[in-house]
Amino acid sequence: MARGIKDKVAILGMGCSKFGERWDSGAEELMLEAYKECLKDAGIDQNQLQAAWFSTAIDEVHVGKSGIPLSTTLRLPNIPVTHVENMCASGTEAFRGACYAVASGAADFALALGVEKLKDTGYGGLPGGRGGPLQVLWNASGTAPGNFAQLATAYMTAHGVSGEDLKKAIGHVSWKSHQNGAKNPKAHLQKAVEMETILNAPMIASPLGLFDCCGVSDGAAAAIVTTPEIAKALGKKDIVSVKALQLSVSNGSESGHNSWDGSYFHTTRIASKRAYEEAGIKSPRDEVSMFEVHDCFSVTELVTMEDLHISETGKGWKDVLDGFYDADGKIPCQIDGGLKCFGHPIGASGLRMLYEMYLQLQGKAGPRQLKDPRIGMTHNLGGAPRENISSVAIVGRYE
Amino acid sequence: MVGIVAYGAYVPRLRLNRQAVYDANKWFAAGLRGLAKGERSMANWDEDSITMAVEASRDCLTSHKAEDVRNIYFASTTHPFKDRQNAGVIGTALNVEQNLSATDIGGSLKAGTSALIAGLNASREGAPTLVAAADKRMARVASSNELNYGDGAAALLCGTENVIAKLVGHHSVSMDFVDHFRGDESDFDYGWEERWIRDEGYSKIVPPAIKAALAACKLTGTDITQFIMPSLMPAVPKQMAKMVGIGEGAVRDLLGATLGDTGAAHALVMLVDALESAKAGDKIMVVAFGQGVDILVFEVTAEKDKLPARKGLSGWMARRKEEKNYMKFLAFNEMLPIDKGMRAEFDKKTALSVLWRKRDMIYGLVGGKCKVCGTVQFPRSQVCVNPNCHAMDSQDPYAMAGLECSVMSFTADSLVYSPDPPGYYGMITFTEGGRFMADFTDSDKDQVKVGAKMRMTFRIRDNDQMRGGFKRYFWKAAPV
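In the order they appear, the protein sequences are chains A and B. Here the first sequence is numbered in my numbering, starting from 1 and rising by one per residue. Here the second sequence is numbered in my numbering, starting from 1 and rising by one per residue.
In short, the hints are calculated from the structure, not lab data. Hints are not guaranteed to be accurate.
[Stated by the list, open to error] With a straight-line cut-off of 20 Å between C-alpha atoms, the simulated EDC-like cross-links for lysine to aspartate or glutamate are:
(1) B/445 / B/322
(2) B/371 / B/432
(3) B/348 / A/60
(4) B/453 / A/261
(5) B/349 / A/60
(6) A/119 / B/345
[As the list claims (entries may be wrong)] With beta-carbon atoms standing in for the labels, derived distance ranges:
(7) B/31 / A/164: 50 to 56 Å
(8) B/421 / A/162: 23 to 29 Å
(9) B/121 / A/251: 40 to 46 Å
[Claimed, not checked] Pulled from the structure, derived: some chain A residues nowhere near chain B, Cβ distances all over 10 Å:
(10) 6
(11) 75
(12) 82
(13) 165
(14) 166
(15) 230
(16) 259
(17) 261
(18) 312
(19) 321
(20) 370
(21) 386
C-beta atoms are modelled at their ideal positions from N, C-alpha and C, and glycine is treated no differently.
Working from the sequences, and respecting the hints, build out all of it.
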């Protein structure tokens, strides 16, 4: 393996807009909301930025293509702006681009900003109808809930988990996130929800009910990165540095070869292993302090905790029911409320997750603050279980 | 000897309860009470005459190779395309293109028999000819046609080897007796008074034609053991038989109680029904009426008992689900301006250039088989999907529509737009290798399970109504 970028990049500042059905704002207002906080936190002048990465995934329903929308909205000093799209991993991709620019020495200060304005379509759920001219001739006419529901059926089949046990476990996943989200003023949904309500909610795509699905919302998040040396020189204390950034993309074996049983994320297993190696983490269950993972659906989170090599394969549902991932558990997961409470403005989500890690590591998470976290890990899963992009980021205290 | 060498049929799974139709409409058309008995077949929303003809053809070709077929005649009064060879779509779905002549025959309810006559004559020189007939006719709300019609298809393979029903002779007359018509500007039939059709049409046109046919075949009426003659007036076939000396016992049931009249396909559907139970030596007369009359006479041979088993009409009739929801029938037939929601608004434009490049994949469900590692895969690609192989340019085309397959995972999706929600879809795994995420059809709750055996079936995927109704076809999985 290559040497990696462990501790070569520090987060200088971050910002995150209020997430939700932002009828008051377009993508541009959301971008500025996150950016203003980020720039202030970084404590530098805009003219010091040397490169930017801009992530959106469904830009056809808001800003359109290219890096121009970011540059014009922020009036950036004519620096390179790269527009990235990699489905739900887009936000992490923007961060990766900025980090690599700094790690390579190409830029001292780089911006990553992700935004998605989804609530101008006239209907609920993610905008559909995408795909190239061949895909639309044969791809099953599915939705995200329908694709991830199949992860649940395959997981039950592979591990002999009863429908009742699984429903309880994924119900607990959502229950826990709602408990956490209730303490987060930036979350879309800020109400705790009773377990009974979760279990009896209407079915969206069996076996996933309403509370097993994250919402659709608008939001933006941003990060400015630099080197730890520059951060120190600028007088920053409690520096948060990047330990690992890894991505794994399906090559068609899950969707086209009969070796995959549908019950796990092949790519997440790979990306997380590479990330632990890059970060020098030997025993993730003991070393990682907290997670923000891609809980687009409750079952995604459950299975992901196995594929991140934290819970044993086929036993993750037991850890969930034991409270292992609760706010007061061994490794809190979705301490900010997760996609469950923030919704999923696709291009922003990865950066929103890092924002919470950044706050926690600096002791600035208010009522959600965990005791002495040292390593935080984020994860995004773009696409469907059978074909996806899995991105993993590990950040921690710079020591 | 030329004749029929194989037969097949197809009937949609849904059977619309006629009483339910009548109950909805009796406030307006109380006179239909006499027809409120039994059930009629009802195409699913994703079925049309092409998809039904493909299924009947696959059934027919259970015992024969599609690539040997040299001609396809496709008879219907409801061809989905006015200008685009409908029979050619069937050919592509069966993976035959080269050395194939494809012809649509329509314009009359005797299109099925006219196609059969043409097919038999075309196969005399040893060119196996597939004759497929299907109809999915629209009918006005609260009309007798709505109750009488059914949707279905039949297919017959004509040839000279191992003939199961030898052609004894055929005879046709053509005269512009307009008992009903469907103009270019209408989806619906318009018909004249039944008594006039019976007395001036059937009674004066059919008997002389039958007599001429019998004379040409050197037979008399009593020689006919099975008399097949579709008609919306159940007494008419018996009356015609009597007028030409054919025994009443020979007159075949019109299948009205359980299937309905399948239009241009019906004479051939009834012929398949008769062939299923026919014995060597039986003499079958097929009569179809429609601006004239076609008559064919067959003699069943000893080869009939050697024909390998297939679903046939009885098999597809046995696959049945009663439908009592008349609203669903109207919605499936676009007779109800139902609120489909914004998710139904996505543009369904088809890139015709892509469809042409990928026609074997999309219409033929042809995947690939790697020459290096033997992995079967869908779609066929330039790099083998097997993670332990990844050989380049190693795959031969591999037809997958007939392969055994089962459900690996599935869901019932209430969010996705489906004309028949919830939308069922899931990962279909082929036992031989290969898999893909497929839409399901003809599926119900509690019927689809992980591990359940499925069968791939050719269906409508989308209808591009913005561009005059371009139907997109692809394969879906249906419970076995």
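Distance restraint hint 23 to 29 Å, applied to the beta-carbon atoms of residue 421 of chain B and residue 162 of chain A: holds (27 Å)
Say whether it holds or is violated: residue 82 of chain A keeps its Cβ farther than 10 Å from all Cβ of chain B. The claim stands: residue 82 of chain A keeps its Cβ more than 10 Å from every Cβ of chain B (closest is about 29 Å).
Residue 165 of chain A and chain B, when compared Cβ to Cβ, separated by more than 10 Å: holds (16 Å)
Cβ separation check - residue 166 of chain A to all of chain B, threshold 10 Å: holds (13 Å)
Take the C-alpha atoms of residue 349 of chain B and residue 60 of chain A, compute the straight-line distance between them, and say whether it is at most 20 Å. holds (18 Å)
Would you say the C-beta atoms of residue 121 of chain B and residue 251 of chain A sit inside 40 to 46 Å of each other? Since residue 121 of chain B and residue 251 of chain A have Cβ atoms about 54 Å apart, the given range 40 to 46 Å is violated.
Is the straight-line distance between the alpha-carbon of residue 371 of chain B and that of residue 432 of chain B 20 Å or less? holds (15 Å)
For residue 230 of chain A, is the shortest beta carbon distance to chain B beyond 10 Å? holds (43 Å)
Would residue 261 of chain A pass as off the interface with chain B, using Cβ distances and a cut of 10 Å? violated (7 Å)
Mind checking the alpha carbons of residue 453 of chain B and residue 261 of chain A for me, to see if they're no more than 20 Å apart? holds (17 Å)
Going straight from one Cα to the other, do residue 348 of chain B and residue 60 of chain A come out at no more than 20 Å? This hinted pair holds, its Cα atoms lying about 17 Å apart.
Restraint check for residue 445 of chain B with residue 322 of chain B, where alpha carbons must lie at most 20 Å apart: holds (15 Å)
Violated hints, listed in ascending order, are 9, 16, 17 and 21; each of the other numbered hints is respected by the structure.
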